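Here the sequence shown is numbered in UniProt numbering, starting from 1 and rising by one per residue.
Just so you know, these hints were derived from the structure itself, not from any lab.
Some hints here could point you the wrong way.
Said to hold, decoys possible - Mimicking DSSO-like on lysine-lysine, the simulated pairs with C-alpha atoms at most 27 Å apart in a straight line are: (1) Lys32 - Lys106; (2) Lys38 - Lys106; (3) Lys39 - Lys106.
What the hints assert, rightly or not - Okay, the calculated beta carbon distance ranges per label pair: (4) Leu69 - Met107: 44 to 50 Å; (5) Asn65 - Lys39: 17 to 23 Å; (6) Gly6 - Ile63: 40 to 46 Å; (7) Lys106 - Phe2: 38 to 44 Å; (8) Phe35 - Ile9: 18 to 24 Å.
What you are looking at is a predicted structure, and each value in this text was computed from that prediction instead of being measured.
Glycine included, each C-beta is placed from N, C-alpha and C at the ideal position.
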Amino acid sequence: VFTYLGNSIFYAGTFAIGSIIVNALAGFAFAKVNFSGKKILFGFLLALLIIPVETVLIPQFTIINSLGLVNNRLAVIIPGLASVFNIYLFRNFFIAIPEEILESAKMDGASIVRIFFRIM
Numbered sequence: 001v002f003t004y005l006g007n008s009i010f011y012a013g014t015f016a017i018g019s020i021i022v023n024a025l026a027g028f029a030f031a032k033v034n035f036s037g038k039k040i041l042f043g044f045l046l047a048l049l050i051i052p053v054e055t056v057l058i059p060q061f062t063i064i065n066s067l068g069l070v071n072n073r074l075a076v077i078i079p080g081l082a083s084v085f086n087i088y089l090f091r092n093f094f095i096a097i098p099e100e101i102l103e104s105a106k107m108d109g110a111s112i113v114r115i116f117f118r119i120m
């Protein structure tokens, strides 16, 4: 019984922490970092919302099998880290943060990574 409980706690904790980090970084990049093709890439991500999860399961298993990750914890963790909907939510949150805060941090010499981890 404790093995099952331990697995559940491990996966829940890993998903929670990993998903917040990955999705927040992606949402921040789409909201505050200027790079070429940002609008096209974000539009492509939003288009992925209409694809049902069931249609991705067999190709996902094929990729996991070719990487040799079958019967491995990473095979469960890695596909669940990034979520298009969560990236969208984080992006909208970061858009609401005033640009003046970022500009003042840049004037103080903060890099984009420091702005993300210290201010956001």
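Consistency of the hints with the structure:
no.: 1; hint: Lys32 - Lys106; in the structure: 13 Å, holds
no.: 2; hint: Lys38 - Lys106; in the structure: 21 Å, holds
no.: 3; hint: Lys39 - Lys106; in the structure: 24 Å, holds
no.: 4; hint: Leu69 - Met107: 44 to 50 Å; in the structure: 45 Å, holds
no.: 5; hint: Asn65 - Lys39: 17 to 23 Å; in the structure: 35 Å, violated
no.: 6; hint: Gly6 - Ile63: 40 to 46 Å; in the structure: 28 Å, violated
no.: 7; hint: Lys106 - Phe2: 38 to 44 Å; in the structure: 50 Å, violated
no.: 8; hint: Phe35 - Ile9: 18 to 24 Å; in the structure: 38 Å, violated
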